[in-house]
Amino acid sequence: MVEQRTAELTELTHYLMRVSEDEKARLAAELHDELGSVVTAIVLDAELVLKKLKATAPQLAERQQTIVDLAHQAAGLKRRII
Numbered sequence: 001m002v003e004q005r006t007a008e009l010t011e012l013t014h015y016l017m018r019v020s021e022d023e024k025a026r027l028a029a030e031l032h033d034e035l036g037s038v039v040t041a042i043v044l045d046a047e048l049v050l051k052k053l054k055a056t057a058p059q060l061a062e063r064q065q066t067i068v069d070l071a072h073q074a075a076g077l078k079r080r081i082i
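So the sequence shown is numbered by the numbering used here: it starts at 1 and just counts up by one.
Source of the hints: derived by calculation from the structure; they are not laboratory data. There could be a bad hint or two in this list.
[Stated by the list, open to error] Label-pair ranges, simulated between beta-carbon atoms: (1) Thr10 / Thr66: 50 to 56 Å; (2) His32 / Glu11: 27 to 33 Å; (3) Thr10 / Arg80: 33 to 39 Å; (4) Leu9 / Ala29: 27 to 33 Å; (5) Gln4 / Val38: 48 to 54 Å; (6) Gln73 / Ala7: 45 to 51 Å.
Only a predicted model underlies this, so the values are computations on that prediction, with no experimental measurement involved. For glycine and all other residues, C-beta sits at the position ideal for the given N, C-alpha and C.
Produce the entire structure from the sequences given, and follow the hints as far as they go.
Okay, here's the thing in structure tokens:
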């Protein structure tokens with residue numbers, strides 16, 4: 001009886017661990033797809049604005065460079081986390 005309960009608990013523990021790992025993998029894939037496309041769009045748009053500001057408004061371009069740098073940091077963070 002005790003051995004049977006121990007075996008059942010072990011099996012349940014393994015099942016719960018598999019479910020947890022599967023859920024983590026699913027969330028990582030979803031985050032990679034969704035967050036990746038958003039961060040990439042931000043980087044591209046921020047770089048485009050920076051290019052235009054350098055020619056027309058150098059002071060604003062400095063601020064925009066900060067935004068570009070932060071967007072690149074966000075992309076790097078996403079890669080490290082996911």
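Results of checking the hints against the structure:
{"no.": "1", "hint": "Thr10 / Thr66: 50 to 56 Å", "verdict": "54 Å, holds"}
{"no.": "2", "hint": "His32 / Glu11: 27 to 33 Å", "verdict": "32 Å, holds"}
{"no.": "3", "hint": "Thr10 / Arg80: 33 to 39 Å", "verdict": "35 Å, holds"}
{"no.": "4", "hint": "Leu9 / Ala29: 27 to 33 Å", "verdict": "31 Å, holds"}
{"no.": "5", "hint": "Gln4 / Val38: 48 to 54 Å", "verdict": "51 Å, holds"}
{"no.": "6", "hint": "Gln73 / Ala7: 45 to 51 Å", "verdict": "49 Å, holds"}
Checked against the numbered hints above, the structure violates none of them.
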